[in-house]
Each structure stands twice: as C-alpha cells, then as structure tokens.
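These protein sequences, in sequence, are chains A and B.
Count the first sequence with my numbering and you get residues 469 to 796, in order.
Count the second sequence with my numbering and you get residues 10 to 82, in order.
Hints in this document: simulated from the structure, not taken from any laboratory.
Computed from a predicted structure; not experimentally measured.
Please note: incorrect hints may appear among the correct ones.
[Said to hold, decoys possible] Derived CB-CB ranges, DEER-like:
no.: 1; chain 1: A; residue 1: Pro495; chain 2: B; residue 2: Glu24; range: 16 to 26 Å
no.: 2; chain 1: A; residue 1: Lys618; chain 2: B; residue 2: Asp43; range: 13 to 23 Å
no.: 3; chain 1: A; residue 1: Lys539; chain 2: B; residue 2: Leu39; range: 50 to 60 Å
no.: 4; chain 1: A; residue 1: Glu516; chain 2: B; residue 2: Glu33; range: 50 to 60 Å
[Unchecked claim] Restricting the straight-line Cα-Cα distance to at most 20 Å, the calculated cross-link-like pairs of lysine to any residue (SDA-like) are:
no.: 5; chain 1: A; residue 1: Lys501; chain 2: B; residue 2: Leu12
no.: 6; chain 1: B; residue 1: Lys37; chain 2: B; residue 2: Leu12
no.: 7; chain 1: B; residue 1: Lys60; chain 2: A; residue 2: Asn579
no.: 8; chain 1: A; residue 1: Lys505; chain 2: B; residue 2: Thr56
no.: 9; chain 1: B; residue 1: Lys60; chain 2: A; residue 2: Lys501
The beta carbon of each residue, even a glycine, is placed where N, CA and C say it ideally should be.
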Amino acid sequence: MNASIKAISYYLPEKIVSNTDLSLEFPEWSVEKITDKIGIEKRHIASEHETSVDLAVNAAVKLFSEYEIEKSSIDYVILCTQSPDYFLPTSACLVHDKIGLSKEAGAIDINQGCSGYVYGLSLAKGLVSSGICNNVLLLTSETYSKYIHKSDKSNRSIFGDAATASLISNTGLLSIGDFVFGSDGSGAEDLIVKNGGARNELSKEANFNPDDYLYMNGSNVFNFTLKSVPSLIKSILNKNKLEKDDIDYFVFHQANSFMLNTMRKVCKIEEDKFHNDMKKTGNTVSSTIPIVLKDTYFSDIENKNQKIALAGFGVGYSWAGCILEKSI
Amino acid sequence: MELKGFIENFKDQLEDNSVSVNEETKFKDLDNWDSLTTMLVIGMVKTDYDKDISATEIADCDTILDLFNHIKA
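Only chain B is shown next, with the shape it has when bound in the complex (with noise of 0.2 Å):
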C-alpha cells in the first residue's frame, strides 16, 4: 500500500477531476464532502484495501495522510 496510489483510489471517489488533492487536504473542508462520499471511501477502501473502516473513523481523520496512516496501522 503506498501513498501515491491511495491518493489517486481517493480522488476518484469526488468524481470530480477539477478537485485537486494531496497528502495534507483537510478532506471533510472539500466542497462535494458529504455522508455519501463516506461510504464510498469505506467502499473504497473495504475494496481495494480489503480493510473495514467505520464513519466514524474517517471522520475522526483530519488530512489525507491521517487516514492513510490510519488504514495502513
């Protein structure tokens, strides 16, 4: 699991390509954040990753790398 690739796996659940993202986006200030975008990320990252993570969990994270961080642990 490495960074580089996380980031891009996140940007594709915005679905929008004109958001650009990095390690320390505070992901929940983006604009089309919503509880949707929630459970694609634990779609995402129950898919790709093969890990459960909780709502609560990702809100808990503050940037990017948080919840890298938090589903590489």
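Just chain A, with the same shape it has in the complex (with noise of 0.2 Å):
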C-alpha cells in the first residue's frame, strides 16, 4: 500500500523579530551582515505564554479548515517536538484533546529536531502503508526561542518558533519513497540544552549559567553537515534506484543561508533545483521542510516538479532523507 502527503498547513506566531530589532538590541549587529550572511530577515517568536502544543494546535486546525478534513478521519496523531509542555504527559495527548479528535486515535511525541519531519515521515508512512491507520496527521512544532539567553544574539539570529501539520493517507499529492537514516550521539554537546533533564538539574544560582540555556557550536556543527549531508544524498538515490539528474528539486533542512549554498557546492546541484530561502521564518527546526513544501508543492502545484529529495540534519547529530514523488 502506498503512502502519501496529502495536505500541509503551518502556523507562525504572531510576534515577529526583525534583523532591526535585534540590531537595536545589539549594536554590533548589522541588519545587512545578518541578512547578508544568514539569509533571515524576520523570525516569529511564540509569545510567553504560548507554547509548543498551542502552536501545533493552531496548525492543526488550520489544516482541517483549508483541507476541509473531517477530525474524526484522524486515527493517529504524531508530534515531533524538543520543546514539550512537560516532562510528562507526552504533548499529542494534549493536542490530541484540544483539537477533539476521536478517542480511538493514537497520540505519540517524537523527539528529534531538525530531521524531525523526515523521521515523522517515515513513522507515519509506516503506519499507513502497513494498514494499521488510514489517516495519520504529522506534527512539527518547536519554541526554541524560550531556551535560547536573552544576550545570544547568534542563536536569536538564526531561531525562529512555528508548528506545521501534515496528513499522510494512502493517496495523495506527493508519494513517499524509501528513507535513508543516520545518527551520530558523538556530536550530542555541539547542540544542547544541558540542564534541566534528569542529567543535570537548572542552576539553582542567582547568576547566570550558560548549561541553562542553548547551545550551539555552529563551526562544528557546520563540519558534520558537511561530512554528513553528500553521502546522505548519494544513499537516497542509491536507495530509491534514482540518479542525481532525476531529481527536479532538492529540499534540505533549512538552517541557514550560507551553510546552505556551500552544502549545494559541496553537493555540486544546480542553484536552480536548490530551495535556499527561510528570509520571513528563520530556522525553525523540524518545520522547515514542510514549510518549504507548503509554500511550494502545495500553493502552486500545476508549475512544480515530479521528484522531490529531502534532507533533514542536525542536533543529535541525526540525518535522514527521502523522495517525494508527485503523484497526482
């Protein structure tokens, strides 16, 4: 049985943060070195006390409404998400309620950052190509901004919040193919949040501690991406028996501009078949890739090309990638 992405929605908070504004913030910070150079003009940021399920909620019912979709088709709901509620219950129970969906639909977390949507995607083609759901609707909301210091202007920069929603069915615009994976635990401290888990407790001190908040070493996160990301796309056309020309377009996590476009040169794919713009979300974790999608597949669809590889990377380190196929 196939499996396929049958509608998209996100949501973005309303707050919006512009390269201005952080620049009033941060003198030293041009708004032309961060446009120049990360390629974000404005990032959302969820309110105080707006959190990740409000915002997954909001995806989700806007998913219904544009799509016309009945709840009550939902028999399976799964969330990827680094910025949960609490510790426990698990998030989609909560989404689950507060969308009202059927009481015999499955609710689960994933935790998995920026390949979060590619390993969502996997899990729900899974459930659906195996006949054990019908409708699976995929989640992918994040609020990194309410780990990252008020002071860290790199990682305020590049962060924005968002939520999208995904339904997976068995017929659909775009067909799932075969999924290559990759972890690395290694690259675990180079994007963290330290504290706060059962590992470490949250500094009970008044002054400040770096472990409370994120943490990104970029330059080295910037090396695995690098090393990573080629042969990850060799293995994805390996694995669906495709050659780099077959591709029409490809989609990767959008991080940032400039790692970017070295990675389409390391990669050596045409600038033209290469998505490189995240200007008015920033990087929003696991819902770049459907954002992309949304705003190209599914707003134009009549113009846009047959297949589709995405590639999803980063904190854990993890990897993963897919085709897309455009099957109606």
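Make the complex out of the two chains shown on their own, each in a separate frame, by following the hints.
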C-alpha cells in the first residue's frame, strides 16, 4: 500500500522579531550582516504563555479548515517536538484533546530536531502503508526561543518558532518513497540544552549559567553537515534507484543560507534545483521542510516538478532523507 | 594548490575589499574576523580544496601561510 502527503498547513506565532529589532539590542550586529550571511530577515517568536502544544493545535486547526478534513478521520497523531509542554504527559495527548480527535486515535511524541520531519514521515508511512492506520496527522512544533538566553544574539538571529501539520494517507499529492537514516550521538554536546533534564538540574544559583540555555557550536555542526549530507544524498539516490539528474528539486532543512549554499556546492547541485530561502521564518527546526513543501508544492501545484529529495540533519547528531514524488 | 590563489580565495571570505592580506597576515587579528568568518573559511576549504578543517585547526594557525601549509599537508 502506498503512503502520500495529502495536505500541509503551518502556523507562525504573531510576534515578529526583525533584524532591525536585533540590531537595536545588539548595536555591533548589523542588519546587513545578518541578512547577507544567514539569509534571514525576520523570525516569529512564541509569546510568553504560548507553547509548542498551542502552536501545534493552531497548525492542525488550520489544516482541517483549509482542506475540509473531518477530524473523525484521523486515527493517529505524531507530534515531533523538543520543547514539550511538560516532561509528562506526552504533548501529543494534549494536542489530541484540544483539537477534539476521536478517542480511538493514537497519539505519541517523537523527540527529534532538524531531521524530525523526515523521521516523522517514515513513521507515518509505516503506519499507513502497513494498513494499521488510514490517516496520520504529523505535527512538528518547536519553541526553541524559550531555550535561548536573551543575550545570545547568534542563536536569536537564526532560530524562529513555528508549527506544521501534514496529513499522511493512502493517496495524496506527494507519494513517499524510500528512506535513509543516520545518527551520531558523539556530537550531542554541539547542540544541546544541558540542564533541566534528569542528568543535570537547572541551576539554582541566581547567577547566569550558560548550561541552562541552548548552546550551539556552529562550526562543529557545520563540519558535521559537510561530512554527512553529501553521502546522505548519495544513499537516498541509491536506495530509490535514481540518479542525481532524476531529481527535480532538493529540499534540505533550511538551517541558514550560508550553510545551505556551501552544501549545495559540495553536493554539486544546480542553484535552480535547490531551495535556499528562510527569509521570513528563520530556522524553525523540524518545521523548515514542511514549510517549504507547503509554499512550493501545495500552493502552486501545477507548475512544480516531479521528484523531490528531502534531507534533514542537525541536533543529535541525526540525519535522514527520502524521495517524494508528485503522484497526481 | 598554489599559495597566490589560496590568498585570493581567503580574501574573498572576508567580504571587505579594503582589507589587504598576504601570506604573513595574522588573520585572527583582522577587524572583521569572527566565528562566522571561520565558518566561511571551513566552507571555502571544503568546496575549493575538498578538505575538511575544523574551527580548532583554523584557530591553531597563526598566519594565512600556516593555514595554507596545514591544508596542503
């Protein structure tokens, strides 16, 4: 049995932080420099009391209304988040309740970052193609902004908050091909919120402790992607018995513009076949890939190409890729 | 891989034409040298010379010539 992405919607929080806003807070950080190097003009940030569950609910409600989907048709919800509302219960159960899904529907969280959408697709495809479920609601929702210290201008410039909702069913616009995965936990400390889990408590001292906040070693993460992504692309093509020229469009996790441009050159992909645009949203972690798919394939479907290669990579380290094919 | 071309490529990463650099330039002392420039150099080394270099290896080099020799080794 096939599995396809039938619909995608996304939700961005109302509050916007522009490069001008950041330059006012950090006078040494020029608007031009942020725009030129990382390719981001603004990012949406969740308000103080707005959480990943709230964003995910908004994305799901939007999906149902945009595509006239009956809530009762959903038999499983997967929520990908690294900023859950609570340690327990599972945030997906909260979302399930707030959007009023059938009591017979399953609900689980998966904890994965920039590779999360592709991982979520693989699980959703498994459920649908095996006949276990008919309609899987795949949600990605992240509020990294709550983990970033207000003085951390680099990460505040890069990351934005967002949520997406995708419906995975037997039929749909984009049929889901074969997957490739990878993991390397030896890179865990390069992108981490160290304190607050079971291993290390949050600091009790009044003084600032950087380990209470999100830390990213940008150059180590960059080196990891330069090493892992070119072979990931080769493996995706091999697994799907395709050549690079068979691919009409490459959608990588939209990390930042400079990193993507370097990866494009290393992977030897033509510019017009490669998506590199996160100007209006920033790096929204597991939501970047579905946002691109929505804006390209689900808005102006007629003129778009046939075979798309997806690649997600980052925190973990974790990476994954697959092929989507326009099936209708 | 020759030094002259390497220095030109390195200069391109600084994105400031007014800066003059040569093999003896201590690049970390340049006004616009920052962590983002380090990443640009990592990208240049990978795309133009097909070599991997870490931020620590770059930080361990003093002059552009040191960096060139390190990559060439």
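Hint check results:
{"no.": "1", "hint": "A:Pro495 - B:Glu24: 16 to 26 Å", "verdict": "holds (20 Å)"}
{"no.": "2", "hint": "A:Lys618 - B:Asp43: 13 to 23 Å", "verdict": "holds (20 Å)"}
{"no.": "3", "hint": "A:Lys539 - B:Leu39: 50 to 60 Å", "verdict": "holds (59 Å)"}
{"no.": "4", "hint": "A:Glu516 - B:Glu33: 50 to 60 Å", "verdict": "holds (53 Å)"}
{"no.": "5", "hint": "A:Lys501 - B:Leu12", "verdict": "violated (29 Å)"}
{"no.": "6", "hint": "B:Lys37 - B:Leu12", "verdict": "holds (19 Å)"}
{"no.": "7", "hint": "B:Lys60 - A:Asn579", "verdict": "violated (33 Å)"}
{"no.": "8", "hint": "A:Lys505 - B:Thr56", "verdict": "holds (17 Å)"}
{"no.": "9", "hint": "B:Lys60 - A:Lys501", "verdict": "violated (27 Å)"}
In terms of the numbered hints stated before, the structure departs from hints 5, 7 and 9, listed from lowest to highest.
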